[in-house]
Amino acid sequence: MSRDLPILKVDQIHELEHAVVDGVDISGHWNRMFSDRSTTALPTEAMDWITSLDGGESMRDCYQCGKCVPVCPVQHVGDYGPRKLNAKVVRGNDLIDDPDLWLCTTCGNCYRVCPKEVNPLRIMPAIREQAVLQGKVPDELSDVFRNLQKSGNPMGESPRKRIDWIAEAGVDVPIISQIGRAVDVLWYVSDYTSYHPRGKDAARAMARVMTALGIDFAILGPEERSDGDSARLAGESGLFELLAEQNIKAFQKYEFKQLVVMDPHAFNAFKNEYPRLGWEGEVLHYTQFLAPFVDKIDFQSSVDLDVTYHDPCYLGRNNGEYDAPRKLLEAIPGVRLAEMPHTKANGYCCGGGGGGMWLDGFVAEHVSERLSERRVREAVATVGMDGSGVLSVACPYEPSRFEDAVKSTGNDGRLVVRDIIELIDQAMQPPAA
Amino acid sequence: MSGEILVVVEHRDGAILDTTHELLGRASALAAQGGGATVAVLLGSGVAGLAGSLSASRVLVVEDPGLESFSPSAYQAALVPIIKERAPDLVLVANSGPGMDVAAGLSAALGLPLAAYAVDVTLEGGSPLVTCQLYAGKIQAKVRFTGGRGIVTVVAGSFAPGTGGSPAVEQVAAGASDARIRFKGLLKPEAGDVDITRESVLVSVGRGIGEQDNLELVEALAAALGGAVSSSRPIADAGWLPRTRQVGKSGLKVKPKVYIALGISGAPEHLEGMRGAELIIAVNSDARAPIFSVAHYGAVADLLDVVPALTAKLGS
Amino acid sequence: MDYVVLLKQVPDLAEELEIDADGTGLDREWMSFVASEWDEYALEEALHLRDASGGTVTCLALGVEAGAVDELLATGLARGADRVVKVGSYEQNPDSHTAAAAFASALGSVKHDLVLTGVQAIDDLDGQVGPLVATLLGHPHVSVVTHIAVAAGGSSVTVHQEYAGGVVGEFEVDLPAVLGVQTSREAPRYAPVSRVRQLMKTATIESLEAGTPGTGSGLTIESMSVPESGTTAEMITGNPGAIAERIAAILAERGITGGGAR
Numbered sequence: 000m001s002r003d004l005p006i007l008k009v010d011q012i013h014e015l016e017h018a019v020v021d022g023v024d025i026s027g028h029w030n031r032m033f034s035d036r037s038t039t040a041l042p043t044e045a046m047d048w049i050t051s052l053d054g055g056e057s058m059r060d061c062y063q064c065g066k067c068v069p070v071c072p073v074q075h076v077g078d079y080g081p082r083k084l085n086a087k088v089v090r091g092n093d094l095i096d097d098p099d100l101w102l103c104t105t106c107g108n109c110y111r112v113c114p115k116e117v118n119p120l121r122i123m124p125a126i127r128e129q130a131v132l133q134g135k136v137p138d139e140l141s142d143v144f145r146n147l148q149k150s151g152n153p154m155g156e157s158p159r160k161r162i163d164w165i166a167e168a169g170v171d172v173p174i175i176s177q178i179g180r181a182v183d184v185l186w187y188v189s190d191y192t193s194y195h196p197r198g199k200d201a202a203r204a205m206a207r208v209m210t211a212l213g214i215d216f217a218i219l220g221p222e223e224r225s226d227g228d229s230a231r232l233a234g235e236s237g238l239f240e241l242l243a244e245q246n247i248k249a250f251q252k253y254e255f256k257q258l259v260v261m262d263p264h265a266f267n268a269f270k271n272e273y274p275r276l277g278w279e280g281e282v283l284h285y286t287q288f289l290a291p292f293v294d295k296i297d298f299q300s301s302v303d304l305d306v307t308y309h310d311p312c313y314l315g316r317n318n319g320e321y322d323a324p325r326k327l328l329e330a331i332p333g334v335r336l337a338e339m340p341h342t343k344a345n346g347y348c349c350g351g352g353g354g355g356m357w358l359d360g361f362v363a364e365h366v367s368e369r370l371s372e373r374r375v376r377e378a379v380a381t382v383g384m385d386g387s388g389v390l391s392v393a394c395p396y397e398p399s400r401f402e403d404a405v406k407s408t409g410n411d412g413r414l415v416v417r418d419i420i421e422l423i424d425q426a427m428q429p430p431a432a
Numbered sequence: 000m001s002g003e004i005l006v007v008v009e010h011r012d013g014a015i016l017d018t019t020h021e022l023l024g025r026a027s028a029l030a031a032q033g034g035g036a037t038v039a040v041l042l043g044s045g046v047a048g049l050a051g052s053l054s055a056s057r058v059l060v061v062e063d064p065g066l067e068s069f070s071p072s073a074y075q076a077a078l079v080p081i082i083k084e085r086a087p088d089l090v091l092v093a094n095s096g097p098g099m100d101v102a103a104g105l106s107a108a109l110g111l112p113l114a115a116y117a118v119d120v121t122l123e124g125g126s127p128l129v130t131c132q133l134y135a136g137k138i139q140a141k142v143r144f145t146g147g148r149g150i151v152t153v154v155a156g157s158f159a160p161g162t163g164g165s166p167a168v169e170q171v172a173a174g175a176s177d178a179r180i181r182f183k184g185l186l187k188p189e190a191g192d193v194d195i196t197r198e199s200v201l202v203s204v205g206r207g208i209g210e211q212d213n214l215e216l217v218e219a220l221a222a223a224l225g226g227a228v229s230s231s232r233p234i235a236d237a238g239w240l241p242r243t244r245q246v247g248k249s250g251l252k253v254k255p256k257v258y259i260a261l262g263i264s265g266a267p268e269h270l271e272g273m274r275g276a277e278l279i280i281a282v283n284s285d286a287r288a289p290i291f292s293v294a295h296y297g298a299v300a301d302l303l304d305v306v307p308a309l310t311a312k313l314g315s
Numbered sequence: 000m001d002y003v004v005l006l007k008q009v010p011d012l013a014e015e016l017e018i019d020a021d022g023t024g025l026d027r028e029w030m031s032f033v034a035s036e037w038d039e040y041a042l043e044e045a046l047h048l049r050d051a052s053g054g055t056v057t058c059l060a061l062g063v064e065a066g067a068v069d070e071l072l073a074t075g076l077a078r079g080a081d082r083v084v085k086v087g088s089y090e091q092n093p094d095s096h097t098a099a100a101a102f103a104s105a106l107g108s109v110k111h112d113l114v115l116t117g118v119q120a121i122d123d124l125d126g127q128v129g130p131l132v133a134t135l136l137g138h139p140h141v142s143v144v145t146h147i148a149v150a151a152g153g154s155s156v157t158v159h160q161e162y163a164g165g166v167v168g169e170f171e172v173d174l175p176a177v178l179g180v181q182t183s184r185e186a187p188r189y190a191p192v193s194r195v196r197q198l199m200k201t202a203t204i205e206s207l208e209a210g211t212p213g214t215g216s217g218l219t220i221e222s223m224s225v226p227e228s229g230t231t232a233e234m235i236t237g238n239p240g241a242i243a244e245r246i247a248a249i250l251a252e253r254g255i256t257g258g259g260a261r
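Residue numbers (numbering that gives the first Met the number 0), protein chains in the order written: chain A, 0 to 432; chain B, 0 to 315; chain C, 0 to 261.
Quick list of in silico lysine-lysine cross-link-like pairs, DSBU-like style, CA-CA up to 30 Å:
1. A:Lys-87 to A:Lys-66
2. A:Lys-149 to C:Lys-200
3. A:Lys-66 to A:Lys-83
4. A:Lys-160 to A:Lys-256
5. B:Lys-312 to A:Lys-406
6. B:Lys-183 to C:Lys-110
7. C:Lys-200 to A:Lys-248
8. A:Lys-135 to C:Lys-200
9. A:Lys-252 to A:Lys-149
10. C:Lys-200 to A:Lys-252
11. C:Lys-200 to C:Lys-110
12. A:Lys-256 to A:Lys-295
Since the hints were made in silico from the structure, they are not lab data.
Turn these sequences into a full structure, and let the hints guide you.
Below, the structure written as structure tokens:
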């Protein structure tokens, strides 16, 4: 599906906490209502039901201000938006049979700006769970649920193949069950980094970088199971708990000081969800872990690249880390970093979160272009106009999503996609002869 | 041991199925080696005329109105007394729907062992050795019958068909009947736009195609080659292509000049339908896909990358 | 109508299958198990039939230690079966003849009008369980079934048996009968993990004896091996562009396209 879509240019976006226009303070804070809104002219069963679900309570607080509309990534490409969902519910649609239930990627941008703190990151999984229990879940998604349950990874691949990537890493990658001692860092590699060809590139790069830095690390290997966070957000909390039980059992067998993860979704699960399930520890995204070491990295060559960084929703906006990745990028010799208009807290979702990674076929019927395609066009406009630019990422969902989008938007040759760790690894090699 | 090798004949619409000739081909070879005889059992009504074309030493024609069309219960009832009486060393049955019913039914009724999904039957050390395919073709097992006698269901295409022969034809009355399963009719699929058995170039897709949308890439390649798109079972089951495009055991058997298998793993049921193609090129992201064991050329790659590149190359 | 579905688990093919040290069986160390695909179609059909015209769905599975039979049966309940029963006790999946004898014995005390099971399984070396069970019980049986409809009156069903080329034979079958299901009208419904886990804790899984074992498959496995694969194909390597070029060249060499010899 290759189309030549125009380059996407977006004017600078200004977001202000307080704004005074023509002497009038139009900031939102003062008009937050503190009592329930009365909507009894319409049937309330759907709203009552959703707000009775654990996590669905805030749906009732929406007062249709519309601040969520321009920041919702799906709204840009489809007839959809958080406000619209609320309007549907107010009019009696419980969303269980509605395809819109599956379009939200839980990117969190609406929640960020909502003056009433309506929270789809809790509402969506609550309603989706009910849909799943009623058997109303897209086959594409339930197929992945099956794989996760059976094999602990979304591809349904053998757990033993989780360590296949080690063979070509070029450095030793210890498996913690085999070395029989405590380590400083338990490195949680994650699903796509372990199984996907582009993920394996990042895994090998990370292994080499950590080895060069003398980090004492080990991986779980075949014992590692999916973090399951996206499955949780897609309505399978039971599956999430099953996977968490398996991972926590493994974590508790070994001694380590820090848990370092490649995947922001794993970061989110381990940091924010695992404590209530019985495990708590120091969790770092790999960019957070490496940033303090940045001066110790022995860069041997300059990469000479125009690079823009895509903030992953679950590292950036939803967990507040914008700086560590940029610190790493800026330290790489030859990187010329430019920001896309949708940046940091207002980053534009790649479409993979909240189960979106496994709903592409379904979602494609409801949007004019994929979120990843729109983002790629933005990246090309930022760094790809003069030939070749780099879209740098820090989430294993992204290389495949964005590389597919580069091809399908006809931007092959203008933009390449690289995980930050790949760029670091590249610059640590001596210059090509 | 009677030294007899018995073959259950399958026929439909007045014609003997190819698989029966294949079974007779091997049966004759085994009979020659072991010093026995091949007996074909032809059940039906008004089918005696078909007996002459069977390459067996003897054909037992069992005619009865109740056997007019295939019915699992009627065939089973008629065959049990015949096999009990003749006590053949081997009973060969095709691994088709009717074959599965008949073979397993006979095994339970007569207490005769059954070896299924056979791709080879030989005589070694005086008794049958059967090579069976298991686990979607990933494992082969060589088995013997304790007691040296048994039933074998044979995968289509395993043997060369037997030729010639002027069998002795014997009419036998149906010893028993069972009308609990009654044939109502044959339903044929609507004639499709394309008869893939007549195409010389087939570009075939399997689960590796991912989404239905990706089919247009494959259509483009087929067009560039002047061929047609065919598929493995899952694609037809999903309704992405008509059933008439399905290649395999329950689909159609094809023998094109070129068969390009894209994202098809090569399960035995599919291979049955296309292994006779002159040139087989397979693209699959799994290096261990069984398709590579029948392909002439293979590439371990993502078909979604290779197909557009190939289409472009052919266009230039 | 009382529907009974015969279920089992089989080795998951996502794991590499390896031969054991004896050379006559599979190495079980890394084996993981999944529900047999065709049995899932059989269960799905049973549920649809029951939902359409009433009745009960009972799942039977052999009590096999290797694998997770309780989870298999709980999943059946999670999908909507009314009752689940474990039959006998085995270390591993027994052969089809042993399984059929056990199921036939159990069915002596489980009311059934229509027994459904997968048309085949990937490990049924000695034939398919459906026709074996049927014949032991003296019931009629049809394999490779792609369509089932209950006749008015409920004493027979109409089924389609699939042949090659998309051709289908339509049969009327007197009940009680056994059907080997090839595919279901809808994909097997998803069983949410939380529901399965809950059922594993709370549901009743009944037990039945397997009865006398019978003589087994009557087969001796002389050897098992992984067939030589990949050795016939000449493998083309390189990036997609290079692969495409080579394929185009091969097609031209063979005269399929007019590209001329490279």
